[in-house]
Amino acid sequence: MKIAIMGATGNVGQRLCAEALSRGHDVTAIARKQGDLPSHEKLTFVKGDVLGETAGKLLNGHDAVIYSLRFNGLDFDKALAAFRASDAPRLLIVGGAASLNAAPGGPALIDTPGFPEEIKIEAEPARQALNKLKASETSDWTFLSPSIIIGPGERTGKFRLGKDEVLKDAEGNSRISYEDFAVAMIDETETPKHQGERFTVGY
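For the sequence shown, the UniProt record's numbering assigns the number 1 to the initial residue and increments by one for each residue that follows.
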């Protein structure tokens with residue numbers, strides 16, 4: 001496949017690049033700065049911004065586009081318009097965990113008592129982005145929410161998938177590594193199973 005990754009130099013973006021490359025895909029890594037991306041025969045770095053005037057053209061010619069971007073300060077409508085202006089058929093988005101339900105039928109994590117105010121700065125725009133996608137009339141998008149805790153770790157390939165509720169392990173922890181998050185995202189990129197919806201990944 002030809003996969004464009006917008007925000008490819010971030011913590012998740014770098015793992016997405018590595019995972020896609022390990023499977024033989026052609027990757028276009030798009031970011032404002034090249035950062036620490038490795039040199040690879042199937043990796044092409046393109047300097048660009050999702051809100052730039054030529055963003056849509058940068059996404060042309062790809063089988064799928066992945067947005068791995070910060071939601072705080074992001075004009076999501078414009079970012080979505082950039083994808084719509086391209087000829088790419090599918091958009092996958094690295095989402096947040098705060099919009100997941102704390103329990104089946106319960107409130108979203110962000111609405112539970114004691115949710116940290118400093119995290120809402122990023123979490124609320126992420127929830128609004130998801131709401132806009134759900135309200136759209138197309139199914140060309142997928143939104144993958146991580147578990148509550150996500151960070152550097154091991155690529156195990158062993159995890160669970162869910163829909164709108166937080167996933168927790170036997171000890172009550174909700175976590176996933178960047179590496180296994182990338183596995184789940186590239187799995188979905190290769191074999192779509194959650195078109196027009198959000199899903200989540202955790203141990």
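Keep in mind that the hints were calculated from the coordinates and are not lab data. Be aware that one or more of the hints could be misleading.
Here are the computed lysine-lysine pairs in the PhoX-like style, where the Cα-Cα straight-line distance is at most 20 Å [to be verified]: (1) K57 with K47; (2) K132 with K158; (3) K78 with K2; (4) K132 with K120; (5) K78 with K42; (6) K33 with K47; (7) K2 with K47; (8) K134 with K168; (9) K158 with K78; (10) K134 with K158; (11) K2 with K193.
Given the structure is predicted, the values throughout are model-derived calculations rather than measurements.
To see whether the hints hold, each was checked on the structure:
1. K57 with K47: holds (13 Å)
2. K132 with K158: violated (31 Å)
3. K78 with K2: violated (23 Å)
4. K132 with K120: Answer holds: K132 to K120 is near 18 Å, not above 20 Å.
5. K78 with K42: violated (29 Å)
6. K33 with K47: holds (6 Å)
7. K2 with K47: Holds: K2 and K47 sit about 17 Å apart, inside 20 Å.
8. K134 with K168: violated (25 Å)
9. K158 with K78: violated (36 Å)
10. K134 with K158: Distance of about 29 Å is beyond 20 Å: violated.
11. K2 with K193: Satisfied, since the Cα-Cα distance of roughly 19 Å is no more than 20 Å.
In this structure, the hints that do not hold are numbers 2, 3, 5, 8, 9, 10, in rising order.
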